[in-house]
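Peer 1: Spelled out, the chains give:
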Amino acid sequence: MSMLVLEDVHTHYGKIEALHGVSVEVNKGEIVSLIGANGAGKTTLLMTVCGMPQATSGRIILEGRDITREPTAQIMRSGLAIVPEGRRIFSGLTVEENLHMGGFFTSKSEIRKSQAHVYELFPRLKERENQRAGTMSGGEQQMLAIGRALMSSPHMIILDEPSLGLAPLIIKQIFEIIGHLRDEGITVFLVEQNAHQALNLADRGYVLETGKIRLHDTGKNLLANPDVQNAYLGG
Amino acid sequence: MAANNIRHALFCAIVTLIISFPILGLSLEAKGVNITLSGAKTSTYVAIVLAAVAVFVFQIFRDTFMGALGKLPNLNPLAGREPMEQNKRVKLESWLLTGIVVFALFWPFLVSRGSVDLATLVLIYIMLALGLNVVVGLAGLLDLGYVAFYAVGAYTFALLSQYTGISFWMALPIGALLAGLTGMILGFPVLRLRGDYLAIVTLGFGEIIRILLNNWTTLTGGPNGIGGIPEPTLFGMEFGRRVKEEGNTSFHETFGIAYSGEHKVIFLYLIALVLAVITALIIRRFMRMPVGRAWEALREDEIAARSLGLSRTAVKLSAFTIGAFFAGFAGTVFASKQGFISPESFVFLESAIILAIVVLGGMGSQLGVILAAIAVTILPELAREFSEYRMLIFGAAMVLMMVWRPQGLLPVRRVQITLNKQG
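Chains as they are written, first to last, in our numbering: chain A, 1 to 235; chain B, 1 to 423.
If you are wondering where the hints come from, they were derived from the structure by calculation, not from laboratory data. We treat Cβ as the ideally placed atom computed from N, Cα and C, and that holds for glycine. A hint or two may mislead.
[Said to hold, decoys possible] Partner residues are not named here, just some residues of chain A that face chain B (Cβ under 8 Å, in silico):
#  : residue
1  : Tyr13
2  : Cys50
3  : Arg65
4  : Arg69
5  : Thr72
6  : Ala73
7  : Met76
8  : Pro84
9  : Ile89
10 : Ser91
11 : Gly92
12 : Leu93
13 : Gly102
14 : Phe104
15 : Tyr119
16 : Leu215
[As the list claims (entries may be wrong)] Ranges of calculated distance between the beta carbons of each label pair, as one might list FRET restraints:
#  : chain 1 : residue 1 : chain 2 : residue 2 : range
17 : A       : Ser107    : B       : Val111    : 50 to 58 Å
18 : B       : Met170    : A       : Leu164    : 52 to 60 Å
19 : B       : Val102    : A       : Glu129    : 32 to 40 Å
20 : B       : Ile200    : A       : Asn130    : 49 to 57 Å
21 : B       : Trp95     : A       : Gln131    : 26 to 34 Å
22 : A       : Gln74     : B       : Ala396    : 33 to 41 Å
23 : B       : Phe65     : A       : Ile16     : 51 to 59 Å
24 : B       : Phe106    : A       : Glu127    : 13 to 21 Å
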């Protein structure tokens, strides 16, 4: 059963084509990693799913519904959540308020439930509940960004470079949590430069090169693939 | 370091000389058809040189001076205190505000007519600043053409009263709604713009409205403006010596008191006060509602806000519309107070002053904005003795303010919103 399907998606920035016909499929309940070098179009691919910018051709189907032409706000309210690159938490708001923003379109009782759940996943956030989010460390901010995305009880969560600029120990924690999310039944689409860890965790993986999918296999096979090893795993 | 300091100080002193010499030291005199250039008195030249020396000395010892200033512990007795708890602070603030409002209710009966008139103007600026505070302070959209909405409110009342003879109370909601609508219409094309670009477009919009009013002479009377705008009535009672409109009675006859021009002024003041309080309360309410949170989220990080499913269109338009709505409110009151309006009242400087109030007060902080509106409107009046230098003093005060307290008079202390713990 597929959660998210991209069929031959082309995306343009003005006249420049950034994605040249990308097809990706993410099944329910699995972790799919997308790896690629700088400028390969990883973030563009994610943003296209979110509708900013919209795909110029091709189809994007989320849980059986065609969302290719839907506005961003509507897409983001239909069971999909994204943890944007560089965290992008609301630094002037407290941790709790950040979480509440994540549950903007859900009821108060829902918010209460998801908030307790997020604090269970990240006890650290509970300790910092009333602290201004901008004053926390990078790792804590990343936890908050993931927590905020979870507040809308999404069926699928997209993570854009969650390991960016974090210490190895923190990265390990974050990846553990991502694995835990899968156990809870949330589908995860993970975009990473940190190819080794991303593929290790993933059920399946895609390799994106200059706007095209080059390879597509299970995470283990990709890790063992000599081309991938040369290009992304430092030989 | 020392040589650098001296060079910098010399530079500053020379700039002082260059700026002040032509302004103070030279004067143009008209003699018949000719204009002659003549110098000022020797004492003025001495003063200019002394000023340059003062600047030089200050710049050389600036670090020492500033260091000493910072060490003055008694300057701010509250500096070392722990911030109050949120509940206590909110309570104290509401008591303080209630006290101010009650005082303001009785105040006009104790002072002169001129002061009440000025206070009415202050209240109009408070309304304007509170409205702009939504757009700039909360939603973070820099609007340099805010005065356009003020003009729409004022002209709506003026034109409707001229062509249909509408009363103040009817015009108040119509003016505000039309201004709000204008805000929404402006909002659409600028939705994609942010920061500097948005500022320039709104600046242009403000000018378009003013120029339109100026040149559409058949409708608006152009630069001659519109006069004879009626004053508000109290349940059909007029405040003039004689009743202008049929069916109305006059205030002093109904109550059997002697006619006094002050009644009208005080009545207008009270209307402005009530409207300003209503404005403050409504916006306060908005700030605690989800839409207020959405404004803040959009200001903090637009991409993050959109990634949570917030519609950029709805959030920006609501901020623009609500801000413009209250400008329309203020505009109607202004038209009624003046009895005459012309495009000259709605120049860019007005937008700049309202923006200055918001920034000086501390963006997003209601109490701060109210205090700043009072300060910015009254200070130039107090400095009237300095005649032509008063804008100079005003400008200098603003520069100093931004250097020493860039966060504004009363920087916003956000009210945290928490859920009740019980389910």
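Peer 1: Each hint needs a verdict: does it hold in this structure or not?
Peer 2: To see whether the hints hold, each was checked on the structure:
1. This hint is violated: Tyr13 of chain A has a C-beta 15 Å from the nearest C-beta of chain B, more than the 8 Å allowed.
2. Checking Cys50 of chain A against chain B by beta carbon gives a least distance of about 7 Å; that is within 8 Å, so the hint holds.
3. Here the hint on Arg65 of chain A is broken, as its CB sits about 15 Å from the closest CB of chain B, past 8 Å.
4. The interface hint given for Arg69 of chain A is violated, since its Cβ lies 16 Å from the closest Cβ of chain B, which is over the 8 Å cut-off.
5. The beta carbon of Thr72 of chain A is positioned within 8 Å of a beta carbon in chain B (closest approach about 6 Å), and the interface hint is therefore held.
6. Because the smallest distance between the Cβ of Ala73 of chain A and any Cβ of chain B comes to about 4 Å, under 8 Å, the interface hint for this residue holds.
7. For Met76 of chain A, the interface hint holds, the least distance from its beta-carbon to any beta-carbon of chain B being 4 Å, beneath 8 Å.
8. With its C-beta approaching chain B no nearer than about 5 Å, Pro84 of chain A sits inside the 8 Å limit, and its interface hint holds.
9. Checking Ile89 of chain A against chain B: minimum C-beta separation of about 7 Å stays under 8 Å; hint holds.
10. With a cut of 8 Å, the hint placing Ser91 of chain A at the interface with chain B holds, because the nearest CB-to-CB distance is about 7 Å.
11. With its C-beta approaching chain B no nearer than about 5 Å, Gly92 of chain A sits inside the 8 Å limit, and its interface hint holds.
12. Annotation: Leu93 of chain A was flagged as interfacial toward chain B, and the flag holds, the nearest CB pair being 7 Å apart, inside 8 Å.
13. With a cut of 8 Å, the hint placing Gly102 of chain A at the interface with chain B holds, because the nearest CB-to-CB distance is about 6 Å.
14. Evaluation of the Phe104 of chain A hint against chain B yields a held restraint, the C-beta minimum of about 6 Å falling below 8 Å.
15. Restraint check, Tyr119 of chain A versus chain B: the minimum CB separation of about 13 Å is more than 8 Å; hint violated.
16. The closest approach between the C-beta of Leu215 of chain A and any C-beta of chain B is roughly 28 Å, which is over the 8 Å cut-off, so the hint fails.
17. A hinted range of 50 to 58 Å holds for the C-beta pair Ser107 of chain A and Val111 of chain B, which are about 52 Å apart.
18. Taking 52 to 60 Å as the suggested C-beta distance range, the pair Met170 of chain B and Leu164 of chain A conforms, at roughly 59 Å.
19. The hinted window of 32 to 40 Å between Val102 of chain B and Glu129 of chain A holds, with their beta carbons roughly 38 Å apart.
20. Restraint check, Ile200 of chain B to Asn130 of chain A: a C-beta distance of roughly 39 Å breaks the suggested window 49 to 57 Å.
21. Taken as a hint, the range 26 to 34 Å holds for the pair Trp95 of chain B and Gln131 of chain A, whose Cβ atoms sit roughly 29 Å apart.
22. About 52 Å separates the C-beta atoms of Gln74 of chain A and Ala396 of chain B, a value inconsistent with the hinted range of 33 to 41 Å.
23. A C-beta distance of roughly 56 Å is found between Phe65 of chain B and Ile16 of chain A, which places it inside the suggested range of 51 to 59 Å.
24. Taking the beta carbon of each, Phe106 of chain B and Glu127 of chain A are about 50 Å apart, not inside 13 to 21 Å as hinted.
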